[in-house]
Structures are given as C-alpha cells and as structure tokens.
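If you read the protein sequences in the order shown, they are chains A and B. Count along the first sequence from 1, add 1346, and you get the number used in the numbering used here. Counted from 1, the second sequence has number 233 at position 236 by the numbering used here; the numbering is strictly sequential.
A few of these clues could be false.
Unchecked claim - With a Cα cut of at most 27 Å, we get these calculated DSSO-like pairs of lysine-lysine:
#1 A:1432 / B:110
#2 B:123 / B:160
#3 B:255 / B:272
#4 B:207 / B:272
#5 B:54 / B:123
#6 A:1432 / B:255
Just so you know, these hints were derived from the structure itself, not from any lab.
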Amino acid sequence: MPRENYQARLDELGADVVAMGETVCDRLDDAIEAAVSGDEELARSVIETDHEVNETYLALEDECTELLALQQPVAGDLRLVTASFKIITDLERVADLATNVAAYGGPEGGVHDAVDVRALGDGAREMVADAVAAYAARDPDACRQIAASDDAFDDRCREASEAVVRELLEADRARNAARDGPEPTDGEALEASLDEVSQALLAVRDLERIADHAVNVAARTLYMIENDDELIY
Amino acid sequence: MSNTTSDDSLITTEVQADSNDDRAAPAAGTAVAARDLDVFYGDEQAIDDVTMEIPEKRVTALIGPSGCGKSTFLRCINRMNDMIEICRVEGDVEFGGKNVYDGDVDPVALRRKIGMVFQKPNPFPKSIRDNVAYGLKIQGFDGDVDARVEESLKGAALWDEVKDQLDSSGLELSGGQQQRLCIARAIAPDPEVILMDEPTSALDPVAASKIEDLIDDLAEEYTVIIVTHNMQQAARISDRTAVFLTGGELVEYDDTAKIFEDPEEQRVEDYITGKFG
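The whole structure should be built from the sequences, with the hints applied where relevant.
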C-alpha cells in the first residue's frame, strides 16, 4: 500500500486517542471514588497527575496539526484527523472536570448525601467510556445511543440538584422551627450548609458536563465514520 | 469580448447543425457534454463509456492516476486527438448543441471556441504582442488588435508586468509569465471553454499559485476544464471534480467538496487518500 508511513501515523493517532480516553476514564474512576470516600490522597493523585493528560493532549494536537500540514489528508483520513483533533479537547476537559470532582470529597469526606455521586459519576463515566469505545470500533449506532441517553442523564442531574436544594430549604425550616423565640439565626451553621450545598450543586454540574463531553465525542465520531454531522448541531 | 469575424454561434464553417438530431440536449448551463464516449488508441481502450456534463463558467478538474485517460478525455473536447493517427473516437462530445465529431464540424473553428493551455509553456518565438495576436490574425480578426492584446493580457493577469515590453520576445519571460502569456493567447480569440492540461506542473509554487488565482478569475468568463496530478490543486480551485481510474473509467463525478470530503466510491477514497494509484 502506498504512503505506508502516513497510514501508520493515522492508525497510531487513532490508537493514541483511544488510550487517552481510557486514561481519562481511569482518572474519572479515581475522582468518583475520592469524592465518595473523601480519600484525600486519591484526590491529590487525580489532581497532581492531570498534567500527564494535558501533555498527551498537546502531543496529539501537534500530531494532528503536522498530519494536516504535511500530509494533506482528505476524505475519511481528513475526518479522522479533524474529529480526533476535537475529541482530544473533549477528553482533556473531562480530565479537568475529574480533578474538580475529586476535590469535592474534602477532608471530611463525601458530597452532600442528597447527591448519589457514585451513581451519577458512574453514569457519566460510562458515557465517556462508551464514546471512546464507539470511536475505537467505528460504531455509528453506539454514537447515536450515547447522544440519545443524554436527556435522561440531564434529568437525573436536575433531580439531584433539586433534591439538594430541597434539603437545604427543609433544614433551614427545621432550624427556624427549633428556635425558641427571637434568637439570631445560626450564621455558622447556615454558612456551612450553604457551602455543602453549593459544592454538591457544582459536583452535579461537573458530572453533567462530563456527560456532555461524552456526547461531543460521540458526535465527532459519527462525523468521522459517516460524514454525518447530525449530532454536532 | 466581441468583434470576431467568425460566426460566434456556430462551430462549423459551412454546415448547420442537423435539426433532426434526436440526441438529448445538454442541460441548461452545460458547456460540454460527453455521451457514451469511447476512445481507442489502436486496440487499446483509453476512455470507457464516459458520460458527463461539464457546467459552464465553472472550473472542472479531471484527476486520476497516470494512464487513466483524463488527458485523452480533455483532448477529445477540442479534437486534439485528431492529430493522432491511431486514435478512434466513438460516442458524442456535445458543445454548442452539436456533436463536435460530426462530419461537418471544422476542428480549427472548434479550437477557436475551445482553447487549450499545455503543461509546458510554449510561447512562439515572437514578441509578446504577436504571441497574443497570433490567433486573432489566423481567424481574420478585423477589430482593434492592440486593444484585444491588452484586454487578453489583463485577463491573464500579465499586463502590468509586460505592458512596457510588448515588443520583447515571449521567450524572455519567466516560466510563470510564459504560461500566463499562453493563457492570454488562448483567451484572445474569445473562446467559451479553456482546456488546461497540467498547466502548473512545470512551474514553481509562487508561479503556480498565480495561475491558480488566475483560473479562479477566468471562470467568471469562461468554462475551465483542467487536468491535474495535484489533488490539492484540484481541491483548491475546482467546483466539480471527475475521477478517472485505470482503463479510462469515469468512476465518480461530483462537487469537489463532496469528492474530497466524502466520496461515494471506495476506489475514489482509496485513490485520493493515496492507498492506491
């Protein structure tokens, strides 16, 4: 086959994107575990090794740029390179969000009880893993399924957010009811409660964004496979 | 342009088109149409049953590996293949509502309407002015020759560079300028179609890019059909691309963006991505 070196570089790019995706999924696993358990060391590990994902991202970005500049890919090859160029950006963002999720565990352990971080986190992680697998297997049906599952995941995130706010309101109401007479509001307790709630809401938002990035990966993968941009818009 | 002495509406010198001809008329906006075209060099088939319509005032690129028949196809359009004794053409090439291979078509008249630019610049050993005016004199042009020379050189984006040396030899120009001089010579007789057979392959990148820009401008006035081995060039400058593969088969013909982003045929994808050919 002509242009063997070029073909080998395209194959390697695809394999490297999959490897990056698998690494990001591992980091996400650790981040979820740290958020659920409050394991500070694990959280620190996720945060401190994020630069490795960034370095992989930059190396793959360079490779895509060089392939475009020097090899002028067209047709399916062009879609592979341009889709990969976009996908690595999404994967890098997932890794960034994983560092956020890891940090939500905190020294006292765990996110607000109203948020099932394990379930939501695993759901988001599964979407990312499925998108990477769809890229690896060139599976258009899987891409469409991932995109179709996003609404259900958004619903789960919205319900989790509402549950957190509901608990905040109920706790505040209970505090007011427990107060006997015109005593001042317990500012410290309220502050702590607000911190916990805002952190829980941020965790939910980050997990929802991770799922959105998984959909982006699926959308670009479908474009790569079938030149179909229906999921991009 | 205007004011040629030949009959602009006909490609024949004496005989009118046959009004009883039952061939399907080309679609509106079609400059050239090939119908069931076969070309043979002796026993060797160079073009295999090609049917395609080439839109007017657009750039159409013909690409494919060496020996695929793309240059043969190009040369069929203005009957340059007539000069090859063993060449035999079957089927139709329609231009101006007529099959250019009909017996009543004068090839010289045809080539005034369908000009050609070759791979290597081939100016005559004459002055720049005479190079451009050559075709006009052949056709008995009785208008203002100097005005037409200036107009043609401007059309070929060469006027500013040579306006003060029109009496210098065309051979003194650089390769890129010589090619633009040949383009000026081709457009001087006011053709409708310009055929280009790898017009930049002998030029450096800067000169080639000037020709590419020029081709883009020419397509506002003329139909441009270009054979190129440079697929990036085809992608850059053409509106439509025809992919010929070995055996003279037209495998795919579509908008250039479609060909280079998502071709229908796997063989075309394999060819343009370099997997074969």
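Each hint tested on the structure:
This hinted pair does not check out: residue 1432 (chain A) and residue 110 (chain B) have alpha carbons roughly 49 Å apart, beyond 27 Å. For the suggested pair residue 123 (chain B) and residue 160 (chain B), the alpha carbons sit about 16 Å apart, so the restraint of at most 27 Å is met. A distance of roughly 19 Å separates the Cα atoms of residue 255 (chain B) and residue 272 (chain B); the hinted pair therefore holds under the 27 Å criterion. Of the pairs offered as hints, the one joining residue 207 (chain B) and residue 272 (chain B) is violated, with about 30 Å between alpha carbons and a cut-off of 27 Å exceeded.
Note on residue 54 (chain B) and residue 123 (chain B): the hinted pairing is violated, with a Cα-Cα distance of about 31 Å set against a maximum of 27 Å. Proximity of residue 1432 (chain A) to residue 255 (chain B) is assessed by CA-CA distance (about 21 Å); at most 27 Å being required, the pair is judged to hold.
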